[in-house]
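> Protein sequence lines, in the order shown, are assigned to chains A and B. First residue of the first sequence? That's 1 in the working numbering, and the numbers climb one at a time after it. First residue of the second sequence? That's 1001 in the working numbering, and the numbers climb one at a time after it.
Hints in this document: simulated from the structure, not taken from any laboratory. None of these values were measured; they are calculated from a predicted model. Treat each hint with caution, since some may be false.
Mimicking BS3-like on lysine-lysine, the simulated pairs with C-alpha atoms at most 27 Å apart in a straight line are [said to hold, decoys possible]: (1) K1048(B) - K32(A); (2) K1043(B) - K35(A); (3) K35(A) - K1054(B); (4) K1043(B) - K32(A); (5) K1048(B) - K35(A); (6) K32(A) - K1054(B); (7) K1054(B) - K1043(B).
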Amino acid sequence: MLRIARENRLLVLLTVGLASWLVPGGGYFILKETKRSLIVFSTIVLTFCVGLYVGSIGVIDTVGATAWYVYAAQIMTSPVVAILGYITAGGGFPVYSRPNEIGQIYTSTAGLLNLLCIVNAVYLCHTRNLQITE
Amino acid sequence: MSEHWFFITALFTAPENIGVNPESMFWLLPLAMSIAVVYKATKLPSIKWSALLKESVILFGSIVVFLAVVAVVLFAVTWVVTE
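Chain A on its own, in the form it takes in the complex (with noise of 0.2 Å):
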C-alpha cells in the first residue's frame, strides 16, 4: 500500500515536470498557482519570442556551427524549439553576427529559465505532498 502511494507520488512529480516542459508555467497551473504560472508564461514565452524576433528562427540551428548545449538550453523551453529545429535544419534561416548571438542568448536564457521554473514546480509540488502525508 505505502508502495502504491510513492509510486503515486513520483507520477504526480513526473506529470508536473513534464507539464511545465511542455508549456511554461504549466507545472504551477497543475498546482493551482494560477498568477504564478501567468508570470512565468508570459515572461518566458516573450523572452523566447524576442530571441526570435531578434535573430530570425534560424538561431535554432540542431546541425550548423551552434554548440550542443545552446540547443540543449534553448529546447528546455518547449518541445515547440525542436519543430523549428526541424523547420531549420535546411538551413533556409542563415543568421550570422550580433543578431546570431542576441537571438540565442534569448533564446538559451528562456529556455534555462523554465528549467528553474520546471525544478521549483517539482519541489513545490514534492514539499505539498509531504505535509499531506505527515
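Following the hints, complete the assembly by docking chain B onto the known chain A.
Leaving out everything else, chain B in the frame of chain A:
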C-alpha cells in the same frame, strides 16, 4: 486573417539589423528584467503584484549595477595591461 498570420510569421523568418556597436549592449536590459521577474516569481511564497514588482525592480537594479561594476573593472584591467 491569413494576411495577419503571414505578417506575424514573416517577422520571425528574417533577422533584425543590429550592428556590432556599444548601443547593442542595451539588449541586456530586457533580458535582465525577464530574469528578475521569473526568479522572483519562483521565490516569493505568495504572489502579490506590488511585492513582485518591487522585488523584481530591486533585483533588476542589482544585476545592472553588478554588470556595470564588472564592465568598469574589466575596462580598468585592459587599460592597465595595454598602457
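> Evaluate each hint against the coordinates.
Hint-by-hint comparison with the structure:
| no. | hint | in the structure |
| --- | --- | --- |
| 1 | K1048(B) - K32(A) | 15 Å, holds |
| 2 | K1043(B) - K35(A) | 13 Å, holds |
| 3 | K35(A) - K1054(B) | 16 Å, holds |
| 4 | K1043(B) - K32(A) | 16 Å, holds |
| 5 | K1048(B) - K35(A) | 9 Å, holds |
| 6 | K32(A) - K1054(B) | 24 Å, holds |
| 7 | K1054(B) - K1043(B) | 13 Å, holds |
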